[in-house]
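Since chain A is already given, all that's left is putting chain B on it; use the hints.
Sequence lines, in order, name chains A and B.
Per the working numbering, residue 120 is the first one in the first sequence, and the count goes up by one each step.
Per the working numbering, residue -19 is the first one in the second sequence, and the count goes up by one each step.
Hints may be right or wrong, so weigh each one.
Said to hold, decoys possible - Away from chain A, derived, C-beta distances all over 12 Å, residues of chain B:
#1 Ala20
#2 Asp24
#3 Pro92
#4 Ile141
#5 Glu156
#6 Glu199
#7 Trp263
As the list claims (entries may be wrong) - Far from chain B by the CB rule (all over 12 Å, computed), these chain A residues:
#8 Trp127
#9 Leu145
#10 Thr191
#11 Leu234
Stated by the list, open to error - Simulated crosslink set (EDC-like; lysine to aspartate or glutamate; CA at most 16 Å straight-line):
#12 Lys311/B <-> Asp295/B
#13 Lys311/B <-> Asp128/B
#14 Lys311/B <-> Glu193/A
#15 Lys194/A <-> Asp295/B
#16 Lys293/B <-> Glu193/A
#17 Lys194/A <-> Asp156/A
#18 Lys125/A <-> Glu228/A
#19 Lys34/B <-> Asp62/B
In case anyone wonders, no lab produced these hints; they're calculated from the structure.
Heads up, the beta-carbon is just placed ideally off N, CA and C, and yes, glycines get one too.
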Amino acid sequence: MNEKLKQWLLDGCALAPGLLGGGVRLPDGNCVSHSFDENCPAERLDETLRCLGDSLPSFSTHGFMPRWLTWTFEKGQIRLAERADGLVLGLAIRPGSPAAENLDLITEEFFNLDLAD
Amino acid sequence: MTTPAKQQQILFVDDETSFLDTVRAVFTAWSKNGWRIEVASSSDQALEILKTRKFDLIVVDVNMPVLDGIQFLRILNRRFPDLKKAAITGYASEEKRSACLANGAELFIEKPRSSEGLKAIFVMLDELVTWKQQAGFRGMLRQVGLQDVIQMECLGRNSSILEVQDRQVTGRIYIEDGRIVHADAGEIKGEAAFQKLLSLPGGSFQLQHFEPPAERTIEGQWEFLLMEAARVRDETASQTPAAEPDVEPEPFPAAESPVAAEVSVRVTETLICSGHGKPLYEWQCADVNARMALLLEIGQQAARVGRLLPLGKFDRLEIQLPTSRAVAQVKPNRMVFVQVVTEGGHS
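Here chain A stands alone, though its shape is the one from the complex (with noise of 0.2 Å):
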């Protein structure tokens, strides 16, 4: 599954111009994240999804169940949404830039990704 997930974030996300970096956190807590931009580092992203992450829950007791979140900050975004099965993406994009405007479709394809071995 890693393995696939890898090849999603390098083949799918990196297509799209203005994305800074991308992971995902496997349901087990651990991550696998692909840095584009030398600001923002893969363990820095580990460290950043880990941390929205592990928030999620906290919108549930507040009666929210979002599809997903978009954290925006003045030189960048990040898109976290997680999937039924646990696995927890983050996406750290310029905003203004094509992967911005393609974040709900690269979010859909993460949904609908079928990483079955």
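Frame of chain A, contents of chain B only:
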């Protein structure tokens, strides 16, 4: 700076006499005797002086003993409604600013910590006292953002026209009974114009007395309009090359504007709090404390992310739900939560 034709009469009220001595000496010199400055070390003393002379502007320290600046502003506003008022404080906060503006101050400023800061205050006060001579202006809110003024006008269910100007664009935002009903910016009208005006990187704005617009081009709820404008502004800023500050930003074509599309947006919940978590406005918010807790959690998570990745300041979190969307904006001086249902389009 425009040198006023007549000598401006300005009264400073502050219990810190060293500050009074400084402003009297420095501002008189900088104004080239265009200002005649009187000082009072208490509100009582100021009221006595006001009985004997007519002033163009009074500058009141917010933190005074016995009768504080906010209470004093309230009295001044009742007894001297035509007198221009500015509030000054060494410790600015959102609560103080809101209270001062609500009690009649046209300007809320923080006490300077440097000579440059003192100069900036002088320029602001000079502009305020100069604008006083022009008909039609209710005041200038230079320390308050354009978004804040719109928010205050809408929350107060006021009717006004906000004229916004930069070097290339002049536009107007019409607010009627707390609803944004029309905006124009050059040839652009409606929500696209509203967004363009709120996207301007600088410029000036003035509140004018309300007159009905020739047409009404905006129907959306102001909370959502402001949130969308913030989103469009961020996107525009990220697309505008930083090295070309003099280039006029491209107008927002209506077809590309997300709120100009054929969608109906219905706000279902709104909460606005100060940066310290004090609720300022709520509408259909079932549990204010819970929402506030969520906003604080979001702010904390954003701060953690900000330490991990170089993404700059946090602006907002958009939560896409199965049938609705929520936006949580967490800023140092303001927290906003808006939930909307979008019908007839994609969100």
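Ascending list of hint numbers which this structure does not respect:
10
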